[in-house]
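Chemist: Sequence:
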Amino acid sequence: MVKAVVDRIVDGKHAVLLVGDQEVEKVISSSKLPDSVTEGSWVKVEFNGDELVSIEADEKETNQTKKRIKTKMEILRQRSNRRT
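Under the numbering used here, the first residue of the sequence shown carries the number 156, and numbering increases by one thereafter.
No lab work stands behind these hints: they were computed from the structure. Think of the CB as a built atom: it goes at the ideal place given N, C-alpha and C, for glycine as much as any other residue. It is possible that part of the hints are untrue.
What the hints assert, rightly or not - Here are the simulated distance ranges between beta carbons:
#1 158 / 225: 19 to 29 Å
#2 237 / 186: 45 to 55 Å
#3 221 / 156: 16 to 26 Å
#4 156 / 185: 32 to 42 Å
#5 173 / 234: 27 to 37 Å
#6 203 / 234: 40 to 50 Å
#7 157 / 237: 33 to 43 Å
#8 201 / 235: 41 to 51 Å
Generate the whole structure from the sequences, applying the supplied hints.
Modeler: Spelled out as structure tokens, the structure:
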């Protein structure tokens, strides 16, 4: 299985995934997403060509990414406050 991030959901019907280190764009039916998965969530996927074989939520990667972004945002806010 390969890691992917849900980049966006289009029209509530399609999910655009960025798959692997090369961030290859794959479009799947949003109905195939696990219930807890939204835009910005990480998943583990397996494809056979363009056909999705399996998908599961990667809560650990999602939480680590959210934490990293939150920390960066706090640093930027602190820098901004010092300049004003």
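Chemist: Are the hints correct? Go through all of them and say.
Modeler: Hints and how they fare:
1. In this structure, residue 158 and residue 225 meet the distance hint of 19 to 29 Å, their C-beta atoms being roughly 20 Å apart.
2. Between residue 237 and residue 186 the beta carbon distance is about 47 Å. The supplied range of 45 to 55 Å therefore holds.
3. For residue 221 paired with residue 156, a C-beta distance near 21 Å keeps the hint of 16 to 26 Å intact.
4. For the hinted restraint 32 to 42 Å between residue 156 and residue 185, the CB-CB distance of approximately 20 Å leaves it violated.
5. Distance hint check for residue 173 and residue 234: the Cβ-Cβ separation is about 29 Å, which falls inside the suggested range of 27 to 37 Å.
6. For the hinted restraint 40 to 50 Å between residue 203 and residue 234, the CB-CB distance of approximately 47 Å keeps it satisfied.
7. Here the CB-CB span from residue 157 to residue 237 is close to 41 Å, well matched to the stated 33 to 43 Å.
8. Look at residue 201 against residue 235: about 43 Å separates their beta carbons, and that is inside 41 to 51 Å.
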